[in-house]
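Which chain is which? The protein sequence lines are A and B, in order. At position 221 of the first sequence the residue is numbered 1238 (the numbering used here), and the sequence of numbers has no breaks. At position 28 of the second sequence the residue is numbered 34 (the numbering used here), and the sequence of numbers has no breaks.
Note that these hints are calculated values from the structure, not bench results. One or more of the hints may lead you astray.
[Stated by the list, open to error] Distance condition first, Cα-Cα at most 27 Å in a straight line; then the derived BS3-like pairs of lysine-lysine:
| no. | chain 1 | residue 1 | chain 2 | residue 2 |
| --- | --- | --- | --- | --- |
| 1 | B | 38 | B | 48 |
| 2 | B | 44 | B | 25 |
| 3 | A | 1028 | A | 1111 |
| 4 | B | 25 | B | 81 |
| 5 | B | 38 | A | 1181 |
| 6 | B | 48 | A | 1028 |
| 7 | B | 25 | B | 48 |
| 8 | A | 1028 | B | 38 |
| 9 | B | 81 | B | 44 |
| 10 | B | 25 | A | 1194 |
| 11 | A | 1093 | A | 1111 |
| 12 | A | 1111 | A | 1194 |
| 13 | B | 38 | B | 81 |
| 14 | A | 1192 | B | 25 |
| 15 | B | 81 | B | 48 |
Given the structure is predicted, the values throughout are model-derived calculations rather than measurements.
Residues per chain are reported as follows:
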Amino acid sequence: MARVITITSGKGGVGKTTTTANLGTALAMQGSRVAVLDADIGLRNLDVVMGLENRIVYDLVDVVEGRARLRQALIKDKRLPELCLLPAAQTRDKEAVTPEQMVELTNQLRAEFDFILVDSPAGIEGGFRNAIAGADEVIIVTTPEVSAVRDADRIVGLVEASEKGPPSLIVNRIKPKLVNRGEMLSVEDVLELLAINLIGIVPDDETIVISTNRGEAAVYDQQSAAGRAFLHIARRLRGEEVPFPVLQENQGVLERLFGMFGRRRA
Amino acid sequence: MGFFENLFGRRERSSTVAKERLARVLVDDRYKLTPEMKEQMKIDIAEVLSRYLPSVDPEQIEVAILRGEPNDTLKADIPLRRSGE
């Protein structure tokens, strides 16, 4: 059965779009049929991150407003035939789409795909509401910084209020050296503060800059630590148990992490 | 950590500071508790307590909500001036 998963964060610039592009690519590499959907209307970006910006003819708003059929607007990935992008409109704003229309759109996609990943805009207003409207599950991306974690907690509250089930967490751009020196929040710290399930830890990695420059997902790059982390997350999404390598050194830490699983906050 | 670092004149590590600050701000966000409301709460607590105990100073009161399972807890530190002092 198809799963609609929205990737969101509250704060901008923490890596939602990079995460969506890489998870979508990784899932397709692993054999799933994937549609990635850019819900950031007016600030389209998923297309450039995936290197598909030159292929756009129609967008999400064209589909919603009936100027194009869904199948016409979906752009096939350059390498993976089972990966498609539905781009956002660039010249419209968030009010162009309603939550009901987003539900209908994602429901249409369910028939053709295993995973529908929705890249949410930053913020907690209309664009975010649209992005989670059709979701079965929500993944929250944060970085180990006070502002990002605070905003992530706001999102946790909103997701729980929307009765989507407990969201899961990706801690992005972790710098192990800085964590070891005690000058960066650890994954454990973030988990303790947010009290939600962990689904991925992505190290800070300059290969992301390079792959984004080229419009190629980092998961293709064998040298990319971040790419490997995204491949792991994709496998977890597909139901595999993949241990968290960074934290394995310390049994106590790992046990505490798994202790968090399935735990819901009051 | 705090003790030894203070002993050698080093500052607390920034991740500890970040975590403590976040713990406080997240819980206040969750309960929609603004700094203003906290100040008012202290004044109200002092007012109620002054019916039973003399000389509770609202300025001395500290309130914080602590996260916990299964319940969060409101912790209030209310110093009392000893009678006769």
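Hint check against the structure, violated hint numbers in rising order: Hints 6 and 12 are the ones this structure does not satisfy, whereas the remaining hints hold.
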